[in-house]
Structures are given as structure tokens and as C-alpha cells.
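According to my numbering, the residues represented by the sequence shown are 1 to 301, in order.
Simulated from the structure, these hints should not be mistaken for lab results.
All figures in this text were calculated on a predicted structure; none of them were measured in a lab.
Worth double-checking, as some hints may not be accurate.
As the list claims (entries may be wrong) - In silico lysine to aspartate or glutamate, EDC-like type, Cα no more than 20 angstroms apart, as pairs:
(1) 240 with 266
(2) 212 with 294
(3) 240 with 31
(4) 240 with 294
(5) 94 with 66
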Amino acid sequence: MSHAVQVNTEAGSAIATGNVRGARLAVGRDERVHVVWTGANSRHMWYTHSRAEGGFVPERNVHQLEGPLDGGSVAADLRGHVYVIWHGELPGGKGEENRRAWVARSDDEGQTFDREEAASPAAIGACGCCGTAGATAPDGTLYLLYRSSREAVHRDTFLLSSRDYGRNFAARDLHEWNVPACPMSTFSIAAAAGTVVTAWETAGQIYWTRVKSAGKEPPVPIAVPGTPGGRKHPAIAQNKRGETLVAWTEGMGWSRGGTVLWQLYDKGGAPVGEPAAAENIPAWSLIAAYARADGGFTLVF
Numbered sequence: 001m002s003h004a005v006q007v008n009t010e011a012g013s014a015i016a017t018g019n020v021r022g023a024r025l026a027v028g029r030d031e032r033v034h035v036v037w038t039g040a041n042s043r044h045m046w047y048t049h050s051r052a053e054g055g056f057v058p059e060r061n062v063h064q065l066e067g068p069l070d071g072g073s074v075a076a077d078l079r080g081h082v083y084v085i086w087h088g089e090l091p092g093g094k095g096e097e098n099r100r101a102w103v104a105r106s107d108d109e110g111q112t113f114d115r116e117e118a119a120s121p122a123a124i125g126a127c128g129c130c131g132t133a134g135a136t137a138p139d140g141t142l143y144l145l146y147r148s149s150r151e152a153v154h155r156d157t158f159l160l161s162s163r164d165y166g167r168n169f170a171a172r173d174l175h176e177w178n179v180p181a182c183p184m185s186t187f188s189i190a191a192a193a194g195t196v197v198t199a200w201e202t203a204g205q206i207y208w209t210r211v212k213s214a215g216k217e218p219p220v221p222i223a224v225p226g227t228p229g230g231r232k233h234p235a236i237a238q239n240k241r242g243e244t245l246v247a248w249t250e251g252m253g254w255s256r257g258g259t260v261l262w263q264l265y266d267k268g269g270a271p272v273g274e275p276a277a278a279e280n281i282p283a284w285s286l287i288a289a290y291a292r293a294d295g296g297f298t299l300v301f
């Protein structure tokens with residue numbers, strides 16, 4: 001691995017507390033690294049990208065509408081499109097029922113961004129403190145995960161998909177969850193081997209699924225092995241052979257550490273062996289997974 005490179009230039013501009021917030025990155029065309037993070041005042045969505053000669057360009061705020069935001073993430077493809085994603089209140093609106101998932105779109109590798117547009121249906125709201133996740137498929141389809149908040153209790157995992165580079169979205173309810181308060185949950189999504197894999201939390205259990213094509217074959221949620229309860233913050237990756245690694249935390253909470261577990265699945269979605277674990281993970285630790293060129297997986301935490 002390379003040495004750590006500082007991305008932001010303004011001290012105190014990022015939120016470091018919590019598992020939901022923090023910087024997110026995506027790699028686009030020519031291996032350009034795109035990074036976003038929620039501002040410390042929850043009203044800025046900061047974006048920057050790497051330079052070919054090294055380092056990063058000065059960050060800039062891509063949130064143009066009024067109102068608080070949260071749950072920032074980013075996706076990029078090999079065609080030069082970059083998507084900055086978050087959820088936030090409609091201008092003048094208050095409460096989760098007036099929140100939407102938003103996307104600020106760039107068609108020139110992050111040089112310029114259009115004003116953000118709502119990606120989620122207005123009728124289902126957005127859970128106030130949960131995360132989002134986005135990724136692009138090889139065919140250019142953009143996928144986005146977020147949690148709804150309809151009537152302040154229907155907090156389902158929704159998959160949004162766009163076949164026209166973030167201009168229009170179709171919404172699919174992946175998994176229902178009725179809970180009267182925000183669960184402070186996060187999502188993970190990755191594209192490889194011609195499919196998109198997604199992972200999320202429902203009622204203390206981690207689920208994942210494969211999405212083969214937008215609008216076709218409703219995905220079937222697959223629960224990771226073991227007893228539900230206290231399972232959060234999934235990370236997912238898929239290699240070129242179609243094998244999938246799903247990781248998650250157990251016992252972690254506000255200012256409390258826990259355990260990271262992971263399970264390998266074969267191309268058909270069957271578990272390979274038993275879950276492995278690493279204990280004594282510190283509070284606020286984030287986990288990430290990626291597939292290596294040799295077909296193996298790396299888990300970072």
C-alpha cells in the first residue's frame with residue numbers, strides 16, 4: 001500500500017465520530033480517485049479527486065440546495081461519470097418524510113457538477129441518520145442503496161437504478177423493516193463479474209443479494225450465517241470468478257467497539273466454510289472489502 005495522503009485542506013471540515021459518516025471513495029477512469037465527505041456542519045457535501053501528478057485538487061461543496069444532509073457516498077464509472085450521493089430535506093421541508101435521496105452528477109470526471117436532483121420517490125422519505133451507497137455496473141447502470149422512512153416507521157432498504165447516467169431512477173423495495181426509530185445503518189454495494197452485489201442490515205441481521213439487471217428478477221435476500229442481533233455495517237466485494245465476500249460487525253455501537261466477521265460465498269451463492277472473525281475492533285472503526293487481481297479478497301478495518 002502507498003503512504004496515507006491527506007485529502008482535505010480545511011481543518012475541522014470533516015466528521016470523524018460515528019460509523020455512518022466519514023469519507024467515501026470511488027475509482028473512475030484512468031484510476032482517478034474520487035472522495036466525498038459530509039461537512040462538520042451537515043450542510044456541505046465536500047468533493048475532491050486525485051491529480052495525475054499526485055495529491056488532490058482543493059475540495060469543493062457540491063450541495064447547492066438549502067437544508068441539512070447526511071449519508072454521503074460516491075460512485076464513478078470508466079466513461080467519466082461521477083455521482084455524489086446523499087439524503088437530505090427538501091428545501092423548506094422538515095422531518096424524515098420530507099427527505100429524499102439526492103445525486104449530483106458530473107459527466108467530465110468531476111471537473112464540474114450539475115445541481116443535485118432527487119433520485120428517490122417523494123412518498124417514501126429517507127431515514128435521517130442512515131448511510132447510502134452507490135456503484136456503477138459495467139454497462140453504465142448506476143445503482144444506489146438507501147433507507148426509506150415512510151410514516152416514520154417503514155424503514156425499508158431501497159435499491160435505486162438509473163440507465164441514463166443518473167438522470168432518471170427506478171426504485172425497488174429490497175427488504176422491509178418496520179422500526180420506529182432510525183437504526184443508524186450503513187450499506188455496501190460493488191460491481192464485478194457482470195453483476196452487482198449489495199449488502200444491508202435488517203433487524204439486527206446482515207443480508208446480501210445479487211442484482212443481475214435493472215428491473216428484472218427481483219433479488220432474493222440472503223442472510224449471513226448465525227443468529228441475528230447486533231449485526232451492523234456490512235462490506236461486500238465480488239471477484240472475477242463470481243465469488244463474494246460479505247463482512248459485518250457485531251457488538252459495535254455508539255462509542256463502543258466489537259468484532260468483525262466475514263463469510264465467503266461461491267459463485268452460486270452458497271457459503272464456503274464457516275464465518276471467520278477478528279475481535280477487539282475499536283470504536284468508530286470502519287470496514288471495507290475489495291477483490292484483488294489474483295482473485296483473493298482483502299478486508300480493511
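Evaluation of the provided hints:
no.: 1; hint: 240 with 266; in the structure: holds, 12 angstroms
no.: 2; hint: 212 with 294; in the structure: violated, 24 angstroms
no.: 3; hint: 240 with 31; in the structure: holds, 18 angstroms
no.: 4; hint: 240 with 294; in the structure: holds, 9 angstroms
no.: 5; hint: 94 with 66; in the structure: holds, 12 angstroms
In terms of the numbered hints stated before, the structure departs from hint 2 and from no other.
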